[in-house]
Amino acid sequence: MSHKLNSQVSDVLNETEAVDYADLPSIDPEVVDNTILRAALERVRERTKADPHMGHYTKHSSHSSHSKGGW
Amino acid sequence: MERRATKRLAWMPAGVEPGQHRRPFYTFLLKIASRCNLDCTYCYVYQSADQSWRQRPRFMSPQVIQAAGERIADHVRQHQLECVDIVFHGGEPLLIGAEKFDLFAGTLRRLVPCSVNFGLQTNGTLLNEFWLNTLAEHRVRIGISLDGPQSVNDRGRPYHSGKGSFSDVMQSVERTRSREEWSRLLGGFLAVVDLQNSPDEVYDFFRSLGAESIDLILPDAHHDALPFRPPGSDGQIAYGRWLARFFDRWWEEQPDLDIRLLNEILVLMLGGPSAHESIGAKSVDLVVIETDGEIEPVDTLKVVGREATKTGLNVIHNSLDEALDQPAVLSRMSGYSSLCSTCQECSHLAHCGGGYLPHRYSHRQGFQNPSVYCHDLRFLFDHMQQKVGQELRDLPRSY
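If you're matching them up, the sequences are chains A and B in order.
Take the first sequence: its letters are residues 66 to 136, numbered as in the numbering used here.
Take the second sequence: its letters are residues 1062 to 1460, numbered as in the numbering used here.
What the hints contain is simulated information worked out from the structure, not anything from laboratory work.
For clarity, every value in this text was computed on a predicted model and none was experimentally measured.
There's no promise every hint is true.
Claimed, not checked - Chain A is faced by these chain B residues, among others (derived, beta-carbon under 7 angstroms):
hint : residue
1    : Arg-1115
2    : Pro-1118
3    : Val-1328
4    : Leu-1385
Claimed, not checked - Under 10 angstroms between C-beta atoms, here's a sample of chain B residues computed to sit facing chain A:
hint : residue
5    : Cys-1097
6    : Ser-1228
7    : Asp-1229
8    : Ile-1320
Think of the CB as a built atom: it goes at the ideal place given N, C-alpha and C, for glycine as much as any other residue.
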């Protein structure tokens, strides 16, 4: 098995710039305009506060019991 | 003999002991039917190396569901769990019939001494009013497998006759959504990525359907059974490009739509833990119980072969705590330490966690490989990281 990339693909993978996430916890989700990013930041906060086990989520690919809403 | 079956595989790096990561199960996946009325081209059960489904009972029996319920109850008491998920799965779980399901769900509710979230994953073809009443009565949340519009879905998800399933599934979707409680019943849609389909076409379909939640799954594959890729150098990142295009549409339009895989990657990029078993290295606390009561670590490991799925344990004779000693289970509770050195040294380790376990397999090195989708995932992470970075760069911080 080879994980060597040809030069064309390597260029694609390397062309993006790095992002510094070190101070992410200080971002208030409410100031974020992008609703998808805002929801993700809120999700991070919720999960950081929650019990660290993953029992609150169905990790299986089944799409039945994890999503918002529910009974 | 049987219990040693999964130990021959390289689940962990040499010299790494997984015992310290032992933790309880919170999700119990019950295979209540071992057959399906569809003949999906990519199915990890019927098209896979592990053909053990041929020897299994077609349906879980009341005796097995009783034993499963008692084992789950013991596990809940033993570990003082407050809430667990029980997901009904197959095959096609609705083949079991609503009356038998009613009995099963009632048995489990009666036996398990904590809060239980019921889920059910279905192909959607048999979802009639009687079934919907039964599922609503037991507060079951359903996921429907649907790959996209008719031309897309019917290519991969035909009946055994060859007829497409799309029309029947859409009738079921409409039937479900016509009910007052539909948003509580319908958890979302599950779509398998097929490079023959345009990401725009699939995205537009789910938007026009008014879907609130979808998930995207990469085809089950590993290093000895590679996924389809178009010829040419770009083929190495074809799935990454497909997902990146899907992400772009979603990111730009910002609809009220949860795309689970992409959302979980965003959470990982922002420093949180993933709630998706195929991404991120946070512990997977899931166990599978087959129709005959056999306990399995991960159902999609069937694409690897019987040596990866066979534990030799059965809820009739064994506790679920015994399954916690299985290397296949422990490796998924071991986070980064279960990964090969290539993954552990990768700059995207925190975003990826090695990807999905079956995707890492090769006969030669067991699970000590990067994902067969490694390049795709790296491309997607770089792409998403750039978009997220642009958005975050100028935001005020509250110190």
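Going down the list of hints, with the structure as the test:
1. Arg-1115: violated, 23 angstroms
2. Pro-1118: Given a least distance of 21 angstroms, the restraint on B/Pro-1118 is violated.
3. Val-1328: Result: holds, 5 angstroms to nearest chain A Cβ.
4. Leu-1385: B/Leu-1385 check fails; min Cβ-Cβ to chain A is 14 angstroms, beyond 7 angstroms.
5. Cys-1097: violated, 15 angstroms
6. Ser-1228: violated, 21 angstroms
7. Asp-1229: violated, 19 angstroms
8. Ile-1320: With a minimum Cβ separation of about 9 angstroms from chain A (threshold 10 angstroms), the hint on B/Ile-1320 holds.
Violated hints, in rising order: 1, 2, 4, 5, 6, 7; the structure is consistent with all others.
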